[in-house]
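Order-wise, the sequence lines are chains A and B. Just so you know, our numbering puts 64 at position 64 of the first sequence, and the rest follows in order with no gaps. With positions in the second sequence counted from 1, the corresponding number in our numbering is that position plus 1000.
Just so you know, not all the hints are guaranteed correct.
Said to hold, decoys possible - Stretch-level coverage of chain B by chain A, calculated; a stretch enters the list once three of its residues show a Cβ under 8 Å from a Cβ in chain A:
{"#": "1", "segment": "1044-1053"}
{"#": "2", "segment": "1087-1099"}
{"#": "3", "segment": "1102-1113"}
Derived from the structure by calculation, the hints contain no laboratory data. Heads up, the beta-carbon is just placed ideally off N, CA and C, and yes, glycines get one too.
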Amino acid sequence: DQQVKQNSPSLSVQEGRISILNCDYTNSMFDYFLWYKKYPAEGPTFLISISSIKDKNEDGRFTVFLNKSAKHLSLHIVPSQPGDSAVYFCAAKRAGNNRKLIWGLGTSLAVNP
Amino acid sequence: DAGVIQSPRHEVTEMGQEVTLRCKPISGHNSLFWYRQTMMRGLELLIYFNNNVPIDDSGMPEDRFSAKMPNASFSTLKIQPSEPRDSAVYFCASSFSRNYEQYFGPGTRLTVT
C-alpha cells in the first residue's frame, strides 16, 4: 500500500527549462511534506519542505506547491541545471508526535546540456 | 561540521553470518533513524530513536534484526543470521527534535551471498 506515489519513474529536461516533479498521497492525515535529492552512492539530501497549512514554499530555484484537496504536491526547479540530475524523493509525515516519514519511490531527473 | 557517519561503507558476507552496521549521528541531533533501500520497496524506515529510546520499530522486518543506541553519539543495526534477501543499502539519518528534516549518512551497501 503505497501512501506516497511518484508516478513518473523518470523525467528528462533541457538545461535552463523548468523541471516539474509530481507526488500524490492518499493519507489525509499527512501534515508535513519534504523533498529530497539523491546522487548515486550518496545518502538523500534534504531540499525543501512544506507544512500542510501552506500551499507554496520557495527557496531559490526550488518551489514546492501543495494542493490539499487533490492530495498532490509538486516540486518546480527553475532554471534546471545539469547538476540537478539526480533521483528526487517525496516524503510525508503524519500529524502527531511520530517523526516517521513515508517515502515515494523516487523520480530520476536528467537535465541535458 | 561532520555529517552522519556510517561504517562500513560496503559489507559482503555469507548467509548465516552476523552483520553489524554502525552509525554516528550529527552532534546535537537527538533523533536517529535506520532505513533500508531496495529497488522494489524504495526507502523503508526500520526503526527510529528519540533521545536514545526506540520509539517506532514497526518497520523491523523480523527478529533477526535488532538495533541499539547506547548513547547519543552511536547506534548499531545488527542482523543475525543474515540472509540473501537482506541485501540492500542501509541508511542512517539523524535530526534535531525541533525539525522534521532528516540528514542522511552515505549508507552501507550490504551483500549477503
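To see whether the hints hold, each was checked on the structure:
With a threshold of 8 Å between beta carbons, the proposed coverage of the segment 1044-1053 of chain B by chain A holds, since 4 of its residues qualify and at least three are required. Figure legend: the segment 1087-1099 of chain B, annotated as covered by chain A; annotation consistent (3 residues with Cβ-Cβ distances under 8 Å, at least 3 required). Residues of the segment 1102-1113 of chain B lying with their CB closer than 8 Å to a CB of chain A number 6, which satisfies the three-residue condition for coverage.
Of the hints listed earlier, there is not a single one the structure fails to meet.
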